Structure formats: C-alpha cells, structure tokens
Amino acid sequence: NAGVTQTPKFRILKIGQSMTLQCAQDMNHNYMYWYRQDPGMGLKLIYYSVGAGITDKGEVPNGYNVSRSTTEDFPLRLELAAPSQTSVYFCASRQMEREKLFFGSGTQLSVL
Amino acid sequence: QKEVEQNSGPLSVPEGAIASLNCTYSDRVSQSFFWYRQYSGKSPELIMFIYSNGDKEDGRFTAQLNKASQYVSLLIRDSQPSDSATYLCAVNMSGGRIPGTYKYIFGTGTRLKVLA
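If you read the sequences in order, they're chains A and B. Residue numbering for the first sequence follows the numbering used here, starting at 1 and increasing by one per position. Residue numbering for the second sequence follows the numbering used here, starting at 113 and increasing by one per position.
Only chain B is shown next, with the shape it has when bound in the complex (with noise of 0.2 Å):
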C-alpha cells in the first residue's frame, strides 16, 4: 500500500462547478495535511493545510479531513480554467531513523481541467 494514494486524473469539470480532489493515507498517526497546487513546469505551491478532523475553508477553497478513515479531500467551488494545475496531496509522516522527526510524503497528484 501506498503511504499517500491519490487518484490520478486528468479530473474535467466545467468552469462554474465543484472539482472534489481526494486522498488517503496509510499512517493512523499523522497529524498535519496539505494540499499543494504545481502548475506545469514550476515549483509546488501550498494553497491548503488542515490539522483537525472536519472542515477548513479558505476563499474557494476548502479541505477535509477524517482521520478515522484516513481520509483527506480538497473542493475548489466555482472553478475557474486558471484552475487547472495538478493537485498533490502531501502528509507529514513520522516513522524514520531520527525519533520525534517527520517526512513529508506526497501522493502521485490529480491532474485537474476546468473547461471554459
């Protein structure tokens, strides 16, 4: 199993609708999730981080996280084609060879369209 699983894409959605990204994770004991958006041929940027269980909101943006199902998802409202980037769902993992420290492990990415 993968640590971070994310569905692939490409993901099309009209301009104006609601695109739902979503992600799964394998370690029961991470706390801190991020949503990181990279358009083609540049660095990630980070649009999204979340903590608790429920709900965070931010402009167009809101994130979702159930740590019971190990589940964390990202809705874009009113879509816009400047939108269309690919989304990488990334999870602060413990586990290493260094006690008390964390990686950061991305997901493979969605791919998102947002047709004009």
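So here's chain A without its partners, still in its complex pose (with noise of 0.2 Å):
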C-alpha cells in the first residue's frame, strides 16, 4: 500500500492563477481531509469529506473547492490564487470515527 499520496510535491503560482492539488490514498478509507499549515502554525481544517459525493466545509473553505467522485481521490482545487494561500497543504484519511488519520506527505504552495 502506497498510504495516502499527495502531488505535486512543490509549486509556484502567480497571483490570479488556478491549480488542483491531488491527493489519493489505497486504503479504502472513508473520511478525507484537507488541512493547510502555515509557518510556527498547528494544521487548521479547509474541507472533508465522508465518501464519495458527500463533502463539508471546514474552518477556512474559501478561495478553495472541493470534489469527491470516487473512495480514493480527493482534489483541492484553488481559484484564482491569492498570496494568503501560501501554505503547506496535506491531505490525510482515516477509516472511521476512532482512528488516526493518515498524512501525506504535504504540498509546499507559494503564490507569488
């Protein structure tokens, strides 16, 4: 099992630009989470997601979309890119209420 795997690694934007983040993990695992770290910060909450077609907003959702077709993908993507969106983002996953989340290894974003 490759856990939950995260591209691209790193990435520059220009101000007013798009992207989507990936992420997938192979463990079947039902919740999905996006987090954004700034620096000397702990990880707060942008949007998760319970399964397939069921996504909720977290503590700081906008300036970011959400989708979840299958169990395994769950893209983050960015409109219109703003340097407050400067950030580490991870994804991680977990199966159930009780267990620990898996990380990925996180997205170092700069918007510029």
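What you were told as hints is all true, and nothing was included just to trick you.
Derived lysine-lysine pairs resembling DSS-like cross-links, with alpha carbons at most 30 Å apart:
1) Lys-154/B - Lys-9/A
2) Lys-57/A - Lys-179/B
3) Lys-225/B - Lys-154/B
4) Lys-57/A - Lys-100/A
5) Lys-44/A - Lys-9/A
6) Lys-168/B - Lys-100/A
7) Lys-168/B - Lys-44/A
8) Lys-44/A - Lys-179/B
9) Lys-225/B - Lys-179/B
10) Lys-100/A - Lys-179/B
11) Lys-154/B - Lys-14/A
12) Lys-154/B - Lys-44/A
13) Lys-154/B - Lys-100/A
14) Lys-57/A - Lys-14/A
15) Lys-44/A - Lys-225/B
16) Lys-225/B - Lys-9/A
17) Lys-154/B - Lys-57/A
18) Lys-114/B - Lys-154/B
19) Lys-114/B - Lys-44/A
20) Lys-100/A - Lys-225/B
21) Lys-114/B - Lys-100/A
22) Lys-57/A - Lys-114/B
FYI, nobody ran anything at the bench for these hints, they're computed from the structure. Values in this document were obtained by computation on a predicted structure and should not be read as measured data.
Reassemble the complex: the two chains are provided individually, in unrelated frames, and hints are given to aid placement.
What follows is the structure, encoded as structure tokens:
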C-alpha cells in the first residue's frame, strides 16, 4: 500500500492562477481531509469528505473547492490564487470516527 | 473562542525531565482526543489517543483527559533531545453540515525543546 499520496510536492503560482492539488489513498478510507499549515502554526481544516459525493466545509474553506467522485481521490481546487494561500497543504484519511489520521507528505505552495 | 487551544511555546525542558503539554477544547460532546508529533518539515504522526476520563499510559507518554473541564494533557517522562518537536492536540468534533459525522480539528501546537 502506498498510503496517502499527494502531488505535486512543490508549486509556485502567480497571483490569480488556478491549480488543483491531488490526493489519493489506497486504504479504502471513508474520511478524507484537507488541511493547511502556515509557518509555526497548527493545522487548519479546509474541507473534509465522509465518502464519495459527500463533502463539508471546515474552518477555512474560502478560496477553495473540493469534489469527491471516488473513494480513492479527493482533489483540492484553488481558484484565483492569492498570497494568503501560501502554505503547506496536507491531505489525510481515516476509516472511522475513532481512528488515527494517515497523512500525505504535503504540498508546499507559494503564491507570488 | 478557538475550538482547540494550546500554548504555542516554546516549552524548554532539560533532558530527563517531565514535559507537560496542555490542550483545552470547546465542544462538550467531543468523544475522541489525539496527540500528534510533528518534526520540522515532516507530516504529523499519531503518538497517543484517549477516549475516557483519566490517564492512559504508553511507554514514556501519558495522556490525561478531563471532560468536565474540557482539558487534555500529554506528559512525556524522561524527555530526550529526540522528543524535540511540535506537539499537536486534535479533537474529533461534531457539528458539521452532515449529521453524525465528525470534523477533526487541531490546535496550534506546542513547540517542545529538550535541552541536552
């Protein structure tokens, strides 16, 4: 099993550009999450999903969109990138409510 | 009020001492509580979880939960320089748009430095 795979690992965007951060897991997990982590800070929840076709907003959803058409994939879309979206983005998954999160290795995004 | 609060530190302790990390949460109906460790430039990794009031021990780590006070703590005994990292408290919270589901909310983390 590869676990949780995120691509790309690094990306530089210009202000106003759009991009999609990819996340895939091969553990058949129901729950998937997107977090962002600013320097020296904790993780802030952007969006999460409890299964294919079911998503909900987290703490900081503005400027982002998600979709979940399959159990395996949970892409995060940035529209009209802004410097405030410069951060490290982590995708995570888990099976049930009481289980640990499995994290991807993160995507470091800079918006200049 | 933030949903999960931690002191950002840094918390400095000498090698061999006990490090005490604290966390408070706002949602009274939360049932699951987690401590993750994150080394610089790496992804978080789970070190402890606790569901019931009281203490739970795993090696050098002890998690403590007091639901009445909405308080979770992590004790690290015999602290080692390799324990130097950021410790993130996480709480599984209800209250989203989707009934019966849970958001997984993290605190800001406490940076621990163990001095050799």
